[in-house]
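Generate coordinates for the entire structure from the input sequences, incorporating the hints supplied.
There are 2 protein chains.
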Amino acid sequence: MIAQSSKSSLIHTSPIALDPSKVRALIALRKFGAMSRTDLADRMGYSRSTITTISQDLIDLGIVEEIGDAVSNGGRRPRVLNFRANYGYIVGIDLGATSLDLVFADFNGIILERASTILDVRQGAALTLNIIRDLIIDMLNNQNLPPTCLVAIGLGVPGPVDFHAGLLIAPPIMPGWDAYPIRAFFRESFPNAVVTVDNDVNVMALGELRAGAGIEHENFIFVKVGTGIGCGIVCRGEIYRGADGCAGDIGHICADKNGPVCHCGNVGCLEAIAAGPPIARRAIEAVHAGRSPILSKYYQMTDSRLTSVEVSRAAAEGDAIANEIIRDSGRAIGEVLAGLVNFFNPTMILIGGGVSGIGHLFLSSIRGGILQRSLPLSTRNLRIDTTSMKQDAGVIGALMLALEHVFMVKT
Amino acid sequence: MIAQSSKSSLIHTSPIALDPSKVRALIALRKFGAMSRTDLADRMGYSRSTITTISQDLIDLGIVEEIGDAVSNGGRRPRVLNFRANYGYIVGIDLGATSLDLVFADFNGIILERASTILDVRQGAALTLNIIRDLIIDMLNNQNLPPTCLVAIGLGVPGPVDFHAGLLIAPPIMPGWDAYPIRAFFRESFPNAVVTVDNDVNVMALGELRAGAGIEHENFIFVKVGTGIGCGIVCRGEIYRGADGCAGDIGHICADKNGPVCHCGNVGCLEAIAAGPPIARRAIEAVHAGRSPILSKYYQMTDSRLTSVEVSRAAAEGDAIANEIIRDSGRAIGEVLAGLVNFFNPTMILIGGGVSGIGHLFLSSIRGGILQRSLPLSTRNLRIDTTSMKQDAGVIGALMLALEHVFMVKT
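Chains as they are written, first to last, in the numbering used here: chain A, 1 to 411; chain B, 412 to 822.
Do not rely on the hints blindly, as some may be mistaken.
[Stated by the list, open to error] Heads up, simulated DSS-like pairs for lysine-lysine below, C-alpha to C-alpha not over 25 Å straight-line:
1) 668/B with 257/A
2) 433/B with 22/A
3) 801/B with 442/B
4) 31/A with 390/A
[Unchecked claim] So, partial list: chain B residues that the calculated Cβ filter (under 7 Å) puts toward chain A:
5) 646
6) 784
7) 789
[Claimed, not checked] Away from chain B, derived, C-beta distances all over 10 Å, residues of chain A:
8) 50
9) 66
10) 79
11) 145
12) 356
It should be emphasised that the hints constitute simulated quantities derived from the structure, not laboratory data. Yeah, the Cβ is synthetic: ideal placement off N, Cα and C, and Gly gets one too.
See the structure below:
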């Protein structure tokens, strides 16, 4: 082993920024794994000589290394380019309203440790971030690594984010987080870490794009159905955030002009009709109207606190009302998505979030709504499915976010 | 003058394909005009040395030339890169259902001649394309240029297009054009011309992007309101066509679940409520109901053939019913666009097409519909306006289409 392979040999003094062609090369290696210079040149549409220059620079910087032998076409056996696993270490964090998932990985994206905990983001930023920092320090200690070895942190949060500034902007369910300096907080403990913050749905879409069903898709939508409804958009193989960073905010698209009033003040918003809370509300109404013995049973069991979980159980037990609620919710989502399919013409729609597992009827109703109202040409090759990564889309996406921005973000 | 400057000196033997970095450099020169190597490197995020190599290759190929002096920063006065005007000649064509606009330009995009004519695309592909070919040959003769000098043709058509194949696909208003080999037709007369065909709305969006209000916008939507309703999408500074080339087909998004039945079979499609034909239909209904003396006057004047033009005139004369029709149409379009603003978060929406000039009330109703139903953050920086290029967006867009694909399309 050469000296550079020892865990403590690389002392990063500050994050480094690379020019766009090198970043593109790294993203290609990240997406498709180790490959030869020729394959990399083909993937990127660059000349062989340009790739030779780029890869030599990356080797000199200690970011990539040559390993093994690629399949030869008869000539000299080419060697493949790969990330140097111990160039630095990375943390990905999926922060939910009431939970936290965290993974600790090497620079190749290999997960070395993971942790999950229950917390309440409404406790505020300082308290929550302290918990995260302590978890990271524990993991660094377990791996016998100094804090300076951490080169990137990716964080997905359940609120609107100014991506370039790394700040939450007036998050409705995260009091005390508005414009909190998350980057500065982490840089105090981890001076070499580039900190990237993004909305949870974008992060989930990125997880699917790099490590899930999205690997072979250039243009797709990841829809999260939970307390609210939002989507992450992948356009030409990249997360699309829009002009003000709020692209994908589909929860307030009108699903029914005669629908209920939404908390935003408008009438008939999709999330006022089809998200977790209206599903629970309709179930409670059915209980009060004496229309569902099964839902009434759960109503008593949960001390009058029905959620989509109990609606799902009641549906599985054959409750007609529960199935009707699920079908209506899926249908409303499908009808709104149909419009987005006509507009965006993606190759795939993935459904995730807490409500997405409510039952098979949910997905089939979404499909029905999309197929009825979309143009035949735009659904010819359209895959509509639930997330391929279950709860992991967020935390793996956060890891990918960190890995991709370690050389891009100016901090 | 050196020999290369004479009009007939360049005899192209076949279209040439360039690698992506050179094409990107040419697109940047096309978009921002002549500039120094340093400015070009900055625009593209490439190193100075990469740009030096790229520009030398382009000069060697005779595509660009060095001209004039850029503003110096004190050192040697840098020279700027520019297209060689007589590298080749270009035609842009905007084909409508009943009209044709054509421009003939040098390689710098300077228009040397233009022509417009009335025709009927329902006469079929061969007849229409013959007219276009004869117009081009006349123009070449006028300029004393051989047919081999034509290096690119860009064509916008009012129907769905398989962009990569350059074919119309089952166009509803263009019988006889389905899969007609347009490229092969033109290559018979103009053997060196790269022929690029696209949907008219995409072409209009490209016109605005390169030569209109879109120059400073990365993400915007161009909406055409005419017999149908569709939109061209610009995403990250490029036309976005979607997975099957049908992105932007917003005419069949549901605008009102209780609305009229559309020719597509669904209920309440936007174009069944707000396009030219329903505007005319509502006007005729008002005449039959005796609700509008002014519309009745135009009904008699036009021999019972009211269109959006007469509705526009009646509105200008203060007719309440005509104004109501226009307001309802604009409102319905605005409400659908509100959903797309929430999803796509663009910086601009431009409204064009035959109905777009129907009156100020139309644009203000569209604005009202968008602003009421979009999220505040996504409309903070949103410009909503009518096309900046009037009828020219299509034909200038077709010219830009030709200019941008001359080195990209494999034919």
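Checklist entry - Honestly, which of those hints from before does the structure not fit? => result 8
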